[in-house]
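A.B. asks: Since chain A is already given, all that's left is putting chain B on it; use the hints.
Chains as they are written, first to last, in our numbering: chain A, 1 to 768; chain B, 769 to 1536.
It is possible that part of the hints are untrue.
As the list claims (entries may be wrong) - Listed next, the stretches of chain A that the computed footprint assigns to chain B, with coverage defined by at least 3 CB atoms under 8 Å from CB atoms of chain B:
1) 468-477
2) 567-581
Said to hold, decoys possible - Computed, partial: chain B to chain A, Cβ under 10 Å:
3) Gly841
4) Leu842
5) Trp872
6) Val874
7) Asn1260
8) Asn1263
Rather than coming from a laboratory, the hints here were simulated on the basis of the structure. For glycine and all other residues, C-beta sits at the position ideal for the given N, C-alpha and C.
Protein chains: 2
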Amino acid sequence: MNNYLQTDEWNIIEEGFHADKQCASESIFSLANGQIGQRANFEETYSSDSMQGSYAAGITFWDETVVGWWKNGLPHHYSCTPNSPNWSGIRVRLIDEEIDMAQWEVDAFRRELHMRTGILERTCQITSPKDKTVQVQVERFNSMDEQNLCIIKYQITSVNYKGKVSLIPFIDGDVTHESANLSKKPWNIIKSEVSNNGAYIWTQIKRETTQMCCACQYQLFKNEKEITKGPIKIEKDKLVGYSIGEEIKPGETLTLYKYTTIESTLYIDRNLLVTEALKNAQKAKEKGWLQLKEAHKQQWTRIWDECDVTIEGDAKAQQAIRYNIFQLLQTYQGKDPRLNIAAKGFTGEKYGGNTYWNTELCCVPFMLLSVPFPIAKNLLLYRYHQLGKAIKNAELLGFTKGAALYPMVTANGEECHNEWEITFEEIHRNSIIVYAIDQYVRYTGDHSYVVDYGLEVMIAIARFWQQRVSFSTIKNKYVLLGVTGPNEYENNVNNNWYTNYGCVQCLKLTLHYLQEVAEQRPTEWANLMDKVQLQEKEIQDWQAIVEDMYFPVDQERDLFLQEDGYLDKELKSVEEINPKERPINQYWSWDRILRSCFIKQSDVLLGIYLYYTNFSEEQIKNNFHFYEPKTLHESSLSPFVHAILAARIGELEKAYSLFMQSTRIDLDDYNNEVEQGLHITSMAGGWLAIVEGFAGMTVKKDQLHFHPQIPKEWRAYSFRVNFMKNKLFIRITDKSISFRLEEGEQATLYVNKKKITLIYQKALTLKI
Amino acid sequence: MNNYLQTDEWNIIEEGFHADKQCASESIFSLANGQIGQRANFEETYSSDSMQGSYAAGITFWDETVVGWWKNGLPHHYSCTPNSPNWSGIRVRLIDEEIDMAQWEVDAFRRELHMRTGILERTCQITSPKDKTVQVQVERFNSMDEQNLCIIKYQITSVNYKGKVSLIPFIDGDVTHESANLSKKPWNIIKSEVSNNGAYIWTQIKRETTQMCCACQYQLFKNEKEITKGPIKIEKDKLVGYSIGEEIKPGETLTLYKYTTIESTLYIDRNLLVTEALKNAQKAKEKGWLQLKEAHKQQWTRIWDECDVTIEGDAKAQQAIRYNIFQLLQTYQGKDPRLNIAAKGFTGEKYGGNTYWNTELCCVPFMLLSVPFPIAKNLLLYRYHQLGKAIKNAELLGFTKGAALYPMVTANGEECHNEWEITFEEIHRNSIIVYAIDQYVRYTGDHSYVVDYGLEVMIAIARFWQQRVSFSTIKNKYVLLGVTGPNEYENNVNNNWYTNYGCVQCLKLTLHYLQEVAEQRPTEWANLMDKVQLQEKEIQDWQAIVEDMYFPVDQERDLFLQEDGYLDKELKSVEEINPKERPINQYWSWDRILRSCFIKQSDVLLGIYLYYTNFSEEQIKNNFHFYEPKTLHESSLSPFVHAILAARIGELEKAYSLFMQSTRIDLDDYNNEVEQGLHITSMAGGWLAIVEGFAGMTVKKDQLHFHPQIPKEWRAYSFRVNFMKNKLFIRITDKSISFRLEEGEQATLYVNKKKITLIYQKALTLKI
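Pulled out of the complex, with its shape left as it was, chain A reads as follows (with noise of 0.2 Å):
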């Protein structure tokens, strides 16, 4: 656990230096806006333990698979967003000593990150081991305004040092990325070039025609006055930069402003890749620190304003809350449908930069709640654009006529995870892409999702799944053998109850789905049949897997069964396990962690949660009794379900606690591993478990619901959810809950069950 962070409603901040946390720090303090990211590595050469990261979205690196090797079906290639060329450096050099945190006395030290602004600070002073004495304040954001910009102001100041100051701003193209296999360097230098119009790196990867290419320019100010005199041009073959000297004496300050421009041939043709990074680079120094810095905050308010959540009285959690939903829209601004959130975003290495179901279990309703629609309408594009794929995924393993099995993990919609166990058997990751079709369309209203691209989707999935059932002549039933579920602590089981629901629930929506368009589309059903070739005999097996699907069940307790033989495990509770043994996944062997009744994150719960219409409040209770006392929560998906159920049958204290705990994985840093890299796509866990959670929203026959309650550590919170075509402000006290409807002509809801009806602008209070 990390506690050497202060609270702070707007801001992160780290006060004194803290060396033996620096990974920490760097993956906490990141920098991203949507389209290029980066670690919080100092811009100065650091020579301790630090983890360089800059990555930019949309670039693969397709690296060797070395596991799995003799299981057929296994992808080849592993994909991962590589580390990009480092664009943030800056070198200073101070005569015949160079400015290194890990070797100077640190004297003072603050970091900030202001949320409210996008931008990070850090002030400190420092004193070399031949005693000059210096203080530098360097503030840095990558633009939300223009997305290919990083904007780096680093200011010097002498205390005690006379003498020559050399600011070395560069751009390094030699990075290594830690976890790849195959190569560890994954750029291809094609030309690096120092010019009157700015240096540059133009690269490309390895065994790939991607190109980026990396231009900056700066400016340098003593005092308050520009240094123009011709600095030192630094070429080398993979490593581009100035040196730009200048004397000082105490109490002066240099101050150089560094422009970067990343760009890519993601979006700017190859020909022109050079020219357009060098003139933007160019444009920028132009516009200069201030103009950019204006628009850059101006995005922030814009994006606060939009989806601000307020927490009064509970300035951690306020904090935390801030910080979940700053990181996740740092990492995805919904501008092209061929991007996605990454698990880390641009934080680290760790999964490589691809895709998850995370991204429907969590980021998909975050995102139709918060933003406009057309930012998670881009989510469901990536996994339409990417079906063939998954039926040509699933045809490797043996499925035919157009099944779809989508990947566990993914940068272009191949496979690319290579544990069998989760490559092959974790299918339940196709239920929740039918589930967040089915919610995009009950939260938007927008059925022609459905027959323009959602349905193609849903009878491919469908396809799987009737393929990939088998009748147990035993048991008289449909049955799913040889799954892993979403709790990964179990592999290789039958009967997972989650994914044998998740299974019955897709083919339900697909029926469903089918029968809407063939009634009110007739035309584009028509079309759509002809394309997919669907048979009568599927129709009918479909309807008989959605009758006679076996599940695991404990009648006497009424309990949902984990998976089939779950009840034969020693029943204990997690907090019979030693802590210093914690988490598991650390201290425990793989056989020890399977054959406990430890879980991860739990699959009944899970599936209570999604699918919360067809539980009664007796049925969650007896199963969060049952399964929350074995859940480790390993997993960031787990916490914010767990807190969304605690809240629904009434027991606060618990949700807050896990609220807590799912928003604060990071900052406090639950499971230990905050270096690697942040838990982005979980973050919009903790907004759910504020909404769906304590507001108790629910959408029930199209219809919103809230259930207001407030932990009692809050005196109040506040948060908007856009519904259909309206956008509501919502704020909850321990005695009332206040709309405002924001956008939208009039709306009608319901609180406790009570039908109101909201008229634009108009605030309305009741109590609860």
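C.D. replies: Chain B only, in chain A's frame:
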């Protein structure tokens, strides 16, 4: 399937060159002598498909593990017997052309493995692209008399060529270990030199201390006359040898003898390594080809006198069983308890030259019954000496108090397999080690082994089982969750019948021998109790498990079940699989294999075979008829077990076909993989199928029983078995069984339950 080899009772013959089968032939014609061995690579250059392989027993290369990286308890290194310096190379040049059977026309070709003498012979006539025609005859052997020697006679006779022939015997240290991850070149070369005493390469395995030295001498004859003029020395960094040129004309013959010694620090102090290698090469040269060959042949005569098996009337079966015996005894001679029997012996890289449970399952019984007892005892001692590491291995997985888990794959006792479903879960391997100890005692009568070594191993294994079981409250029985049985086409199952049964047998045997030793050897018992600190509570726990273990059964059909839930599968017969999709592990995705009913090798039938005294013929029949049709036999350990059981229930046709599959698995290449190497360990299975299957040999209450039968394809068959102090020769026809007691004064045994008594060297024939 292969069908290019000729059938012959004493030889393996390839008539005509089958270039497309060269890799397969390299495996099939492999030579070894228990200490060194190599694939049948041509001596001269061969530029087409080939897998170079020379191996020395007991030498280990630690390679990097690249799978399962994040799962605790998996080993970080994988051991393998590295590809050794190539000691059998002889290049041949005819001025401007070099012999290369891939490039030259092969006019005639015959390759023959003489199993009676252990000599590999090749005769061929070949024509170069420029029309030079020569005949080549090569004989080679790895001396069974002096196990550090590889001896080659290479003869070239001109048909139409007049000019110089250069013969270049060499040793090449720059070899590639194809399947290595960390370094494809396993050897550092310490020194390579061509001195007057011979050419040698002195190497050290990377990252380890083991050293090896290969040294060679040669003799050259033209027609009958020795050529003694000085050769050109070839002395490169990683290759040494000689080039010896001589003019020949049509009808003339050059004969090169290459005498190579392969020495290592396993047997020679590193300071003496080079000296000894050179001295031994020189000594071999002095003895000369004829004397060395004679001594080698004498050893093979002794071996065949000891354990030849005859089958009359079925040359294919006769050839195959001799081939199996030949390959087994080439691989293991039982002289060094640090050595074991690699799954592929010295015939390929697959399985890394490591020890598997195959040894105890097949090889220990074969060795016990066929060759002097100390040989099998050394196999047992191998495990005894590794007990400490087996305890460490269990500790890594969280077990305590001296519990031992023997490794699945090992060179020196450390686990080096790393697929979790096998490494962590295929724990049945512990049982066969206890089984082997018990079998040794039952066959040899050597009870002192128990007190000196065996019981300590048993106690450690019993401790493992006690910690590994758990108690199911709903079953009110002990269960074993999360295991993989010998049928590796199921992973992470609960209550695998074979594993549960083996666990109970281990505990029973441990309790039995504990009592025996306590009663009969009280002093040693007290010492052992002092050493292992056994508690009374442990004994009670073991008894409780013996009494209350759960076994999955189908009572209706009187079946033992593969595991919990097996009957939920769609039960099909192997015949329903498209033959083009077999072996299924080469065509089906892993999940499809796992959820199918198809069995790689049948656990239940294996258990019934091993613990046969506990089961009725009716039980064998029921289970055999249920499981055999579902069994793929895609493990080489499978068919012989089924053959034995089929014979026991009188189904001789089935038994015969399974026997042939087991015995000719490599000659006929049943599983389409012989090019990777031979199934050495399972070669004992064919022998067991004859003796325990057709001849119906069992041991009940320390008495030897036979229930002789004969397949209709055979006129008669004979074999020898060691039992207690006796060696019996047995011959069976369709009408009679004959005995001759070759060692021991007198023996009592049972034929079809009728007691008979044999007297030394007095023949006895009974009608059957």
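A.B. asks: Hint by hint, say whether it matches the structure.
C.D. replies: Against the structure, the hints come out as follows:
A stretch counts as covered by a chain when three or more of its residues have a beta carbon under 8 Å from one of that chain; for the segment 468-477 of chain A and chain B the count is 6, and the coverage holds. Given as covered by chain B, the segment 567-581 of chain A passes the check, having 5 residues with a CB less than 8 Å from a CB of that chain where 3 are the minimum. The criterion of a C-beta within 10 Å of any C-beta in chain A is met by B:Gly841, whose closest approach is roughly 3 Å, and the hint holds. The closest approach between the C-beta of B:Leu842 and any C-beta of chain A is roughly 8 Å, which is under the 10 Å cut-off, so the hint is satisfied.
A least Cβ separation of about 36 Å between B:Trp872 and chain A goes past the 10 Å threshold, and the interface hint is therefore violated. Using the Cβ-Cβ criterion of 10 Å, the hint placing B:Val874 at the interface with chain A is not satisfied: the shortest such distance is roughly 34 Å. Among the interface hints, the one on B:Asn1260 holds; its C-beta lies about 5 Å from the nearest C-beta in chain A, closer than the 10 Å criterion. Interface hint at B:Asn1263: satisfied, since its Cβ lies 8 Å from the closest Cβ of chain A, which is below the 10 Å cut-off.
Of the numbered hints listed earlier, those contradicted by the structure are 5 and 6.
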